[in-house]
Amino acid sequence: MTTTTHPETKISADPAVPTIHITREFNAPVDAVYRAHVDPDLVVKWQGPRYLTMRVERWDASTGGAYRYVHTHGDEAYRFYGSFHEVRPNERIVQTFTYEGFPDSVSLETMTFEDLGDGRTRLHATSAFQTTEARDMMLASGMETGVVEGYEQLDELLAES
Amino acid sequence: MDDQLSRVFSALADPIRRDMVARLAVGDATVNELAEPYSVTVQAVSKHLKVLEDAGLVSRSKQAQRRPVHLEAEVFDLMTKWIERYRQEAEQRYQRLDAVLAEMTEQPEQTRVEGEAS
Chain A
1 MTTTTHPETK ISADPAVPTI HITREFNAPV DAVYRAHVDP DLVVKWQGPR YLTMRVERWD
61 ASTGGAYRYV HTHGDEAYRF YGSFHEVRPN ERIVQTFTYE GFPDSVSLET MTFEDLGDGR
121 TRLHATSAFQ TTEARDMMLA SGMETGVVEG YEQLDELLAE S
Chain B
162 MDDQLSRVFS ALADPIRRDM VARLAVGDAT VNELAEPYSV TVQAVSKHLK VLEDAGLVSR
222 SKQAQRRPVH LEAEVFDLMT KWIERYRQEA EQRYQRLDAV LAEMTEQPEQ TRVEGEAS
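Taken in sequence, the protein lines are chains A and B.
All residue numbers for the first sequence refer to our numbering, where the first residue is 1 and numbers rise by one.
All residue numbers for the second sequence refer to our numbering, where the first residue is 162 and numbers rise by one.
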């Protein structure tokens with residue numbers, strides 16, 4: 001039997017990295033799409049679900065900056081916060097994201113803005129989670145909202161748009 | 162979050178259990194068949210199966226002697242629905258962004274229209 005003074009370093013690599021990738025194109029130039037992500041007056045207009053009011057409590061969209069905002073609906077309040085790891089104008093935003101209801105869980109969000117020319121922009125958004133469980137919970141959070149609102153109501157909304 | 166969903170999440174959080182589920186998606190298999198590729202005991206695989214069974218992800222035939230494990234496909238329809246709902250929510254969000262972007266670029270367009278009219 002061997003005795004080691006220092007416990008050996010252990011490492012493992014999960015082949016199934018828990019991530020969510022989203023791609024979307026916009027009929028707007030890259031500087032406008034970028035600005036809509038960093039200007040808090042613009043962000044509140046689109047980022048939160050329609051039935052919730054988004055109030056920004058802290059917003060410093062610069063490398064090393066931070067944010068905190070709250071979504072409210074009557075007496076209900078959902079708080080979110082994170083750091084802006086890197087804010088590179090018209091190119092890339094890297095930020096952390098935590099829902100205060102799950103304070104132990106943090107995801108890393110990377111958004112890249114691709115200039116397609118002709119005043120069009122492609123947005124790539126990747127969310128990287130620490131566990132598959134956290135990723136699946138995030139995916140299902142939309143489902144929960146659906147349950148709360150009633151599927152039919154939501155389906156009507158989607159059909160209208 | 163209801164208990165059923167929590168059980169599904171924790172059941173699928175384990176890489177061996179995800180792999181077992183992926184193999185069962187191809188077809189039913191016995192415990193021994195499932196245990197083969199892993200360097201773990203049949204007992205350990207049985208434990209993993211119990212977790213998947215409790216989450217409602219798999220079922221085991223009571224009749225047949227081999228008691229093959231069967232994947233409950235409906236649960237994965239549910240997961241597909243989660244992903245689709247999440248996509249729809251993202252799409253809704255980006256349609257609101259479309260509207261914001263249209264407002265932002267409206268100003269120069271109006272100027273141009275006015276210029277043509279004068």
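Any given hint could be a false lead.
For lysine to aspartate or glutamate, the following DMTMM-like pairs were computed, each having C-alpha atoms within a straight-line distance of at most 20 Å [stated by the list, open to error]:
| # | chain 1 | residue 1 | chain 2 | residue 2 |
| --- | --- | --- | --- | --- |
| 1 | A | 45 | B | 175 |
| 2 | B | 242 | A | 133 |
| 3 | A | 45 | B | 252 |
| 4 | A | 45 | B | 250 |
Computed list of chain B residues with no C-beta within reach of chain A, every gap over 12 Å [as the list claims (entries may be wrong)]:
| # | residue |
| --- | --- |
| 5 | 175 |
| 6 | 176 |
| 7 | 184 |
| 8 | 202 |
| 9 | 239 |
| 10 | 265 |
Source of the hints: derived by calculation from the structure; they are not laboratory data.
Ideal Cβ positions, reconstructed from N, Cα and C, are used throughout, including at glycine.
Results for each hint:
1. For the proposed pair residue 45(A) and residue 175(B), the alpha carbon gap of about 39 Å is over 20 Å, so the pair is violated.
2. This hinted pair checks out: residue 242(B) and residue 133(A) have alpha carbons roughly 17 Å apart, not beyond 20 Å.
3. Annotation: proposed proximity of residue 45(A) to residue 252(B) holds, straight-line Cα distance about 15 Å (limit 20 Å).
4. Distance check on the hinted pair: residue 45(A) and residue 250(B) sit about 15 Å apart at the alpha-carbon level, within 20 Å; holds.
5. The claim that residue 175(B) is not at the interface with chain A is violated, since a C-beta of that chain comes within 12 Å of its own (minimum 8 Å).
6. Non-interface status of residue 176(B) relative to chain A is broken: a Cβ of that chain comes within 12 Å, the nearest being about 6 Å off.
7. Once the 12 Å rule is applied to beta carbons, residue 184(B) is consistent with being away from chain A; the minimum gap is 14 Å.
8. A cut-off of 12 Å between C-beta atoms confirms that residue 202(B) is not in contact with chain A; the least separation is 20 Å.
9. The beta carbon of residue 239(B) sits about 8 Å from the closest Cβ of chain A, which is not more than 12 Å, so the claim that it is off the interface is violated.
10. For residue 265(B), the shortest C-beta to C-beta distance to chain A comes to about 5 Å, within the 12 Å cut-off, and the non-interface label is violated.
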